[in-house]
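What follows is the residue order along each chain.
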Amino acid sequence: MHQSTLAQLSTALESNQINSEELTRLYLERCKQFNESLNCFITINEELALAQANAADKLRAAGNASPLTGIPIAQKDIFCTKGIKTSCGSKMLDNFIAPYDATVIEKMNAAGIVNIGKTNMDEFAMGSSNETSFYGAVKNPWDQDTVPGGSSGGSASAVAARLSPAATGTDTGGSIRQPASLCGITGLKPTYGRVSRYGMIAFASSLDQGGPMTQTAEDAALMMNVIAGFDERDSTSAEHPVDDYTTKLNDSIDGLKIGLPKEYFGEGLDSNIAKCVEDGIKELEKLGATCKEIELPNTELSIPAYYVVAPAECSSNLSRFDGVRFGHRCEDPKDLSDLYCRSRGEGFGKEVKRRIMIGAYVLSAGYYDAYYLKAQQIRHLIRDDFQNALKDVDVIAGPTATGTAFKLNEMIDDPISMYLSDLYTVSVNLAGLPAISVPAGFVNNLPVGMQLIGNYFEESRLLNIAHQFQQATDHHKAIPGGFE
Amino acid sequence: MSLDKTEVQKIAWLARLSIDEQDISTYSDELSNILGLVESMNSVDTNGISPIAHPLDLTARLRSDAITEINQREQFQKNAPLTDAGCYLVPKVIE
Numbered sequence: 026m027h028q029s030t031l032a033q034l035s036t037a038l039e040s041n042q043i044n045s046e047e048l049t050r051l052y053l054e055r056c057k058q059f060n061e062s063l064n065c066f067i068t069i070n071e072e073l074a075l076a077q078a079n080a081a082d083k084l085r086a087a088g089n090a091s092p093l094t095g096i097p098i099a100q101k102d103i104f105c106t107k108g109i110k111t112s113c114g115s116k117m118l119d120n121f122i123a124p125y126d127a128t129v130i131e132k133m134n135a136a137g138i139v140n141i142g143k144t145n146m147d148e149f150a151m152g153s154s155n156e157t158s159f160y161g162a163v164k165n166p167w168d169q170d171t172v173p174g175g176s177s178g179g180s181a182s183a184v185a186a187r188l189s190p191a192a193t194g195t196d197t198g199g200s201i202r203q204p205a206s207l208c209g210i211t212g213l214k215p216t217y218g219r220v221s222r223y224g225m226i227a228f229a230s231s232l233d234q235g236g237p238m239t240q241t242a243e244d245a246a247l248m249m250n251v252i253a254g255f256d257e258r259d260s261t262s263a264e265h266p267v268d269d270y271t272t273k274l275n276d277s278i279d280g281l282k283i284g285l286p287k288e289y290f291g292e293g294l295d296s297n298i299a300k301c302v303e304d305g306i307k308e309l310e311k312l313g314a315t316c317k318e319i320e321l322p323n324t325e326l327s328i329p330a331y332y333v334v335a336p337a338e339c340s341s342n343l344s345r346f347d348g349v350r351f352g353h354r355c356e357d358p359k360d361l362s363d364l365y366c367r368s369r370g371e372g373f374g375k376e377v378k379r380r381i382m383i384g385a386y387v388l389s390a391g392y393y394d395a396y397y398l399k400a401q402q403i404r405h406l407i408r409d410d411f412q413n414a415l416k417d418v419d420v421i422a423g424p425t426a427t428g429t430a431f432k433l434n435e436m437i438d439d440p441i442s443m444y445l446s447d448l449y450t451v452s453v454n455l456a457g458l459p460a461i462s463v464p465a466g467f468v469n470n471l472p473v474g475m476q477l478i479g480n481y482f483e484e485s486r487l488l489n490i491a492h493q494f495q496q497a498t499d500h501h502k503a504i505p506g507g508f509e
Numbered sequence: 002m003s004l005d006k007t008e009v010q011k012i013a014w015l016a017r018l019s020i021d022e023q024d025i026s027t028y029s030d031e032l033s034n035i036l037g038l039v040e041s042m043n044s045v046d047t048n049g050i051s052p053i054a055h056p057l058d059l060t061a062r063l064r065s066d067a068i069t070e071i072n073q074r075e076q077f078q079k080n081a082p083l084t085d086a087g088c089y090l091v092p093k094v095i096e
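Listed in order, the protein sequences are those of chains A and B. Residues in the first sequence are numbered from 26 upward in steps of one, following my numbering. Residues in the second sequence are numbered from 2 upward in steps of one, following my numbering.
In short, the hints are calculated from the structure, not lab data. This one's a predicted model, so the numbers in the text were calculated from it and none came from an experiment. Treat the hints loosely; a few may be bogus.
Claimed, not checked - Chain A is nowhere near these chain B residues, computed Cβ spacing over 12 Å in every case:
| hint | residue |
| --- | --- |
| 1 | D66 |
| 2 | I68 |
| 3 | A86 |
Unchecked claim - Partner residues aside, some chain A positions facing chain B, computed with beta carbon under 7 Å:
| hint | residue |
| --- | --- |
| 4 | T261 |
| 5 | R367 |
| 6 | K399 |
To be verified - Residues from chain B that keep clear of chain A, each with C-beta distances beyond 10 Å, as calculated:
| hint | residue |
| --- | --- |
| 7 | A67 |
| 8 | D85 |
| 9 | G87 |
Virtual Cβ for every residue (Gly too), placed ideally from N, Cα, C.
Using the sequences and the hints, build the whole thing.
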């Protein structure tokens, strides 16, 4: 049963092969059995999950179930969950019990989805390896000496090891897609504004976007049907009609025009990864797609622009952690400044401090134009690059990450190398576009992801292409050894 | 751009972050490296390009001026480190 997708579990529940309580107990057992080694959960919600499962069973018996009612799904610990610790991977929020639900959680609760646990993550979603978490590194189930990627590393690891059939993630510079790629699962970053940010602890508000991390594109569509939509409590929520993301999954992709950015296949890409992605693209061609080379000339500038915009917004957002209203407070502050400085100094980890300081610096008097304004201008160029490319092609395809999962501790003391590994993902956030990572094969037994980037609000098309790809390939069905 | 120790201390103060004396030189190196990476932005001429703060051209939505939130002070203050009579307590600011 634990090898099933959301779609399969939905059918099993619908046909009474299993009920939600049995299913939830099965996954709780797996979580408890494997969390010690993988460390993908910060909190396992046993009591809540069983209560929700019972409620879901009643809902189903009364004929009021929706497709995902009664299915356990893990939530990244960045989403506020009422009455449950919401740590964001930080010592700062180690004692924080969220007083309200994020919109994503509220929608999942309303659909009768079981919240099985809160997944580990890089502290405040700042990292690409999950090693910056206050709760320790997460292991990649494909090779436990390697990282699962980040920042949604706990979610990716949990889904890959089938401790949860699906999970939520958030993506500010690749934090859904890169761990999906490194763990061999499917991860969709929706268009900026498509999924509400309300109750999702803010890192960089103009880039942050929540989305599904699943085994298949079909499952991602089922989750999007629950979590997407306008929310008046999110000031940048998109007032754009919401699709039924499942209706187009089976459409033919014959005639689809795919753009292959030459900047994505150049220097810096491991040749074995290039081969996997090229094979994936050939599969799409067999299904009737045609390819052409395109240019995204400002791709290289996306990393520097991102590492101005994201830290600037982070330094502003994280100023709310003051040791006064919630979160960590230092012992015996001698005055107010001491209270602020020590509470923040003790509560934040190294990477978060680095980013806050970079942000404070680039926003400080005299430097604003040289850094923040310049980065915003480059952001304009990057958005135009994509819009020009998407005039000629329907979607853009390429690798998700520059490599496969790297060793634990390999890059932790080298922030620059870690930042550069986000090359193919950050520009998508700067432009606000939707993109999906799908499993495209293996290099040395480690998963490789292929990324598909679409135009604004074209999640349905991305899910359609990814689903057609998954009908023709088996990479997404592989389960790591020891977790079958 | 390279940041010396005094600049690191100044930034840490602006950000209200206490950092250990022995970590300052590491921060100085790391932050200088990051700024070095960031400065590759200067390789492109952006004269005349308008800056965008946001990927989609959204304008801020307005709502009617109506009370929608209820008072949940007690619940919110459960997470506060130190409160008294509904107020948040901080060290004395005015002598």
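The hints, checked one at a time:
no., hint, in the structure
1, D66, "holds (14 Å)"
2, I68, "holds (15 Å)"
3, A86, "holds (16 Å)"
4, T261, "holds (6 Å)"
5, R367, "holds (5 Å)"
6, K399, "holds (5 Å)"
7, A67, "holds (12 Å)"
8, D85, "holds (13 Å)"
9, G87, "holds (13 Å)"
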